[in-house]
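Peer 1: If you read the sequences in order, they're chains A and B. Residue numbering for the first sequence follows this note's numbering, starting at 1 and increasing by one per position. Residue numbering for the second sequence follows this note's numbering, starting at 451 and increasing by one per position.
Not one of these hints is a red herring.
Calculated cross-link-like contacts (lysine-lysine; reagent style DSS-like; alpha-carbon spacing at most 30 Å):
(1) 151/A / 295/A
(2) 295/A / 824/B
(3) 342/A / 372/A
(4) 569/B / 295/A
(5) 315/A / 569/B
(6) 342/A / 824/B
(7) 169/A / 151/A
(8) 315/A / 342/A
(9) 169/A / 295/A
(10) 654/B / 315/A
(11) 589/B / 539/B
Take a look, some chain A residues computed to stay more than 12 Å from chain B by CB distance:
(12) 42
(13) 67
(14) 74
(15) 85
(16) 138
(17) 180
(18) 221
(19) 229
(20) 246
(21) 269
(22) 274
(23) 275
Now the in silico label distances, taken between C-beta atoms and shown as ranges:
(24) 110/A / 644/B: 53 to 59 Å
(25) 459/B / 275/A: 41 to 47 Å
(26) 657/B / 397/A: 43 to 49 Å
(27) 644/B / 56/A: 53 to 59 Å
(28) 354/A / 648/B: 32 to 38 Å
(29) 275/A / 608/B: 53 to 59 Å
(30) 27/A / 469/B: 35 to 41 Å
(31) 55/A / 459/B: 32 to 38 Å
(32) 344/A / 772/B: 21 to 27 Å
(33) 349/A / 472/B: 30 to 36 Å
(34) 821/B / 315/A: 33 to 39 Å
(35) 273/A / 629/B: 48 to 54 Å
(36) 821/B / 183/A: 44 to 50 Å
(37) 827/B / 205/A: 55 to 61 Å
Since the hints were derived computationally from the structure, they do not count as laboratory data. Note that the Cβ used here is the ideal one computed from N, Cα and C, for glycine as well.
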Amino acid sequence: MLSGVHAADAGAVMLDGDRIQFHSAQDSEAAGIAVIHQELALVPHLSVGENIFLGDEPVRFGLVDWDRMYHDAETLLQRLGVQIDCRERVQNLSVGEQQTVEIAKAMHKRRRILILDEPTSALAQDEFETLAALLDDLRTQGTAIIYISHKLDEVLRIADRLTVLRDGKTVDSRPRDTWNRDQIVRAMVGREIEELYPRIEHVAGEVRFEVNDFCVPDPLRPGRNVVDHVSFQVRAGEVLGLAGLVGAGRSELLLALFGYRVGYGRVRVDGQGLRLRSPRDAIDAGLALVPEDRKQLGLIPSFPVGQNLSLAHLKQFARFGFLNDQQETQRCAAVAEEFRVKTAGLDVAIETLSGGNQQKVVLGKWMLVTPKVLFLDEPTRGIDVGARAEIYSLIDDLTRRGLAVIVVSSELPEVLGISDRIIVLREGRQTGSFSREDATPEGVMEVATT
Amino acid sequence: MKTRRFDPRTFSMIMILCALWIFFRIQVGGFYFSGDSVSNLTRDMATWAILAAGMTLVIVAGHIDLSVGSLMAVVTASCAYMLDPEYGKGWSATAAVPLALLIGATIGCLQGVLVAAFKIPAFIVTLGGLFVYRGITQKVSARDPRVPEDSWVTAFGFEYLPPSAGWTVGISVCALIALVVAWNRVQSRRRGLDVESIGITIAKAIVPGVVILGFVHKVNASKGVSYQTLVMATVLAALYVVSRHTRFGRHVYAIGGNPEAARLSGINVGRSIVGVFTIMGLLAGVAGVLWMAQNQGATKNAGTWYELYAIAACVIGGASLMGGRGTIFGTLLGALVMATVIQGMDYTDLDNWMQLVVRGSVLVIAVGIDIATKDPPRWMRRLRVERRKPEQGDQSDG
Numbered sequence: 001m002l003s004g005v006h007a008a009d010a011g012a013v014m015l016d017g018d019r020i021q022f023h024s025a026q027d028s029e030a031a032g033i034a035v036i037h038q039e040l041a042l043v044p045h046l047s048v049g050e051n052i053f054l055g056d057e058p059v060r061f062g063l064v065d066w067d068r069m070y071h072d073a074e075t076l077l078q079r080l081g082v083q084i085d086c087r088e089r090v091q092n093l094s095v096g097e098q099q100t101v102e103i104a105k106a107m108h109k110r111r112r113i114l115i116l117d118e119p120t121s122a123l124a125q126d127e128f129e130t131l132a133a134l135l136d137d138l139r140t141q142g143t144a145i146i147y148i149s150h151k152l153d154e155v156l157r158i159a160d161r162l163t164v165l166r167d168g169k170t171v172d173s174r175p176r177d178t179w180n181r182d183q184i185v186r187a188m189v190g191r192e193i194e195e196l197y198p199r200i201e202h203v204a205g206e207v208r209f210e211v212n213d214f215c216v217p218d219p220l221r222p223g224r225n226v227v228d229h230v231s232f233q234v235r236a237g238e239v240l241g242l243a244g245l246v247g248a249g250r251s252e253l254l255l256a257l258f259g260y261r262v263g264y265g266r267v268r269v270d271g272q273g274l275r276l277r278s279p280r281d282a283i284d285a286g287l288a289l290v291p292e293d294r295k296q297l298g299l300i301p302s303f304p305v306g307q308n309l310s311l312a313h314l315k316q317f318a319r320f321g322f323l324n325d326q327q328e329t330q331r332c333a334a335v336a337e338e339f340r341v342k343t344a345g346l347d348v349a350i351e352t353l354s355g356g357n358q359q360k361v362v363l364g365k366w367m368l369v370t371p372k373v374l375f376l377d378e379p380t381r382g383i384d385v386g387a388r389a390e391i392y393s394l395i396d397d398l399t400r401r402g403l404a405v406i407v408v409s410s411e412l413p414e415v416l417g418i419s420d421r422i423i424v425l426r427e428g429r430q431t432g433s434f435s436r437e438d439a440t441p442e443g444v445m446e447v448a449t450t
Numbered sequence: 451m452k453t454r455r456f457d458p459r460t461f462s463m464i465m466i467l468c469a470l471w472i473f474f475r476i477q478v479g480g481f482y483f484s485g486d487s488v489s490n491l492t493r494d495m496a497t498w499a500i501l502a503a504g505m506t507l508v509i510v511a512g513h514i515d516l517s518v519g520s521l522m523a524v525v526t527a528s529c530a531y532m533l534d535p536e537y538g539k540g541w542s543a544t545a546a547v548p549l550a551l552l553i554g555a556t557i558g559c560l561q562g563v564l565v566a567a568f569k570i571p572a573f574i575v576t577l578g579g580l581f582v583y584r585g586i587t588q589k590v591s592a593r594d595p596r597v598p599e600d601s602w603v604t605a606f607g608f609e610y611l612p613p614s615a616g617w618t619v620g621i622s623v624c625a626l627i628a629l630v631v632a633w634n635r636v637q638s639r640r641r642g643l644d645v646e647s648i649g650i651t652i653a654k655a656i657v658p659g660v661v662i663l664g665f666v667h668k669v670n671a672s673k674g675v676s677y678q679t680l681v682m683a684t685v686l687a688a689l690y691v692v693s694r695h696t697r698f699g700r701h702v703y704a705i706g707g708n709p710e711a712a713r714l715s716g717i718n719v720g721r722s723i724v725g726v727f728t729i730m731g732l733l734a735g736v737a738g739v740l741w742m743a744q745n746q747g748a749t750k751n752a753g754t755w756y757e758l759y760a761i762a763a764c765v766i767g768g769a770s771l772m773g774g775r776g777t778i779f780g781t782l783l784g785a786l787v788m789a790t791v792i793q794g795m796d797y798t799d800l801d802n803w804m805q806l807v808v809r810g811s812v813l814v815i816a817v818g819i820d821i822a823t824k825d826p827p828r829w830m831r832r833l834r835v836e837r838r839k840p841e842q843g844d845q846s847d848g
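Put together the whole structure using the sequences plus the hints.
Peer 2: In structure tokens:
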């Protein structure tokens with residue numbers, strides 16, 4: 001809303017004591033507000049310098065003054081204390097570096113107010129510290145920063161003042177020192193939660209899923225592997241956590257095990273060897289994958305809720321290729337209810353659902369036929385605390401039903417909280433393995449980083 | 451899945467169509483709504499409306515086919531060549547027509563393989579095809595092959611269903627629609643699903659029936675339902691069923707909406723794309739045979755610009771060139787709009803150059819109206835907000 005994309009119904013926005021009104025993103029920019037969204041707004045095939053100066057390139061005689069642009073860009077990046085080649089194309093940078101470029105862009109335009117919306121959803125833990133240091137600098141230079149995040153540690157680390165919103169209303173707004181973690185969680189949830197993660201003992205059964213010497217080649221660097229000779233087993237009714245930093249190859253491993261990208265190695269489900277040429281093979285063998293990026297891989301945006309649910313298992317509603325609409329509706333309604341999807345109906349556009357409910361749809365779509373093995377890649381990314389707890393309890397239910405579950409998460413407390421066993425990947429290699437009892441944040445972090 | 455609520459855009463399309471009809475009725479006079487006029491309208495649009503039906507699937511899948519006009523011409527030329535006793539082979543239509551359809555389907559399939567397996571953009575593949583097939587057409591139809599008058603295939607150019615047969619077909623179709631609607635209601639109830647009010651169910655069964663029977667009544671006043679119209683209706687009905695009620699159709703929509711998510715859901719994307727282009731090729735074949743029957747032979751200019759009519763019909767009918775959205779019913783409405791404009795201008799003796807200007811403008815205006823009602827650009831939205839009372843303001847969710 002502040003960025004001018006949405007209009008306000010009521011109330012006032014005050015900037016330096018003046019009441020202001022935004023009709024468009026341009027108005028808001030003119031007022032000195034810069035917004036850095038969850039999805040970065042850089043042009044990937046332009047250079048860092050070009051991106052920073054996008055829209056007001058230095059001009060000489062009607063032509064772009066490249067020397068001045070790159071020189072200015074360099075000084076700007078130096079002031080931010082980062083080492084980025086400003087002639088490099090943005091697409092070759094890491095997500096963290098791209099974010100820095102966005103901030104540099106905001107600085108260049110002399111923005112007085114910086115709004116960051118979930119900036120760390122794509123960052124690894126160590127990259128957050130760099131960002132935090134950068135923001136500290138900006139703060140001392142007199143920039144006002146609004147930092148929006150679901151991650152409590154970050155907010156507590158960065159903020160001077162904390163405001164909790166729930167369902168579009170301000171619940172509380174106080175200086176940082178008066179808050180502690182539990183209070184924030186309570187304010188966010190609106191009810192006391194003893195613990196976010198259900199601490200339940202799972203009774204593990206037979207080995208369900210077995211991976212031996214699995215490798216995933218790197219498409220960008222021939223001859224090297226993103227995932228290198230990884231082996232593990234998961235039992236029925238067990239949750240295996242895959243920990244590691246961003247870029248450690250966890251998502252790639254899951255996608256390859258699902259036949260979505262190329263991978264080599266032996267994979268067995270219930271002792272049966274598997275050939276994975278396409279996701280269809282994996283689905284037929286009883287595998288299911290909730291991908292990291294809902295929008296990109298999980299959902300068909302033009303489909304209503306019901307059709308998204310039934311997409312992977314249409315065969316069971318088809319006779320000679322013709323679909324039985326009523327049977328499909330009935331089954332999808334049952335799954336939507338079982339997975340507590342809050343929706344006005346199955347024919348509602350999927351985009352109108354909240355992130356948490358969309359995620360339940362992505363999870364539910366695999367449950368039309370109960371799978372044997374469930375892969376979850378960042379199952380709670382971009383989801384509020386209430387829906388999170390629901391997702392955890394759904395995972396727990398499924399595990400009790402005898403599924404073998406593999407969870408990838410960048411949030412250490414999450415992996416530690418829901419996994420029965422944890423293996424750690426670093427740069428594609430398996431560097432550690434923990435049982436639930438010996439897993440500590442420090443221990444896992446150590447093998448993930450060094 | 452359950453039928454969605456009535457689309458306001460479909461409604462606005464129908465309004466545009468009615469407005470056009472009223473406009474031309476005033477311009478042309480009493481002849482405009484006569485049986486002859488209605489019959490001509492639905493007969494002349496048959497060839498490219500069939501192309502538009504196939505094009506809808508292609509566009510929904512997120513691709514485009516620029517070659518359909520030329521592809522149709524190739525089929526027309528080769529079919530006429532096979533039939534012509536003088537310069538060509540002089541085969542019987544029973545052999546030549548299936549072979550011609552096969553040619554269309556094969557070429558379509560080939561284009562699909564180039565798009566799906568070799569990852570060449572459909573725009574490029576079919577743009578190349580547009581030239582290649584036109585070239586081949588010129589060679590094959592160099593001597594303007596003729597169809598012998600006693601061949602059964604000429605019926606598709608000049609025959610009409612006798613009135614009694616027209617009524618029989620019309621009434622059977624109405625009965626079928628009513629039966630399906632009733633069956634769906636019974637099934638939904640049996641499975642304990644939400645059932646729409648009985649009024650809507652009855653409307654669903656009655657409205658298409660009234661339109662169909664009204665049409666039959668009208669054209670029976672002249673010569674009856676033409677074979678071309680019948681073929682077009684059959685193709686549209688078949689593609690409607692394919693797009694709405696088959697697994698293949700659902701896959702096509704999913705691929706157009708998000709190809710990567712579709713693949714992750716276990717859909718064989720390549721195979722579906724090849725399927726879509728094969729259907730497109732087959733329909734180009736059907737349209738080609740019809741064109742040949744109408745013109746009793748082939749010329750090297752057969753089907754010029756038909757690809758653009760087909761694409762225009764789809765787009766006016768609400769198909770998104772980004773893929774994922776579009777319906778056969780919308781395309782039928784779009785085709786009717788195009789056909790109405792073309793026919794109306796013929797009746798009003800508009801100059802040829804002016805006709806082209808109007809056809810193009812209709813396309814842009816129709817899509818413009820659609821976008822203005824569905825997803826208006828920001829400046830337009832602001833105009834609307836300012837015209838409203840200030841305290842109501844705009845909806846906000848930020």
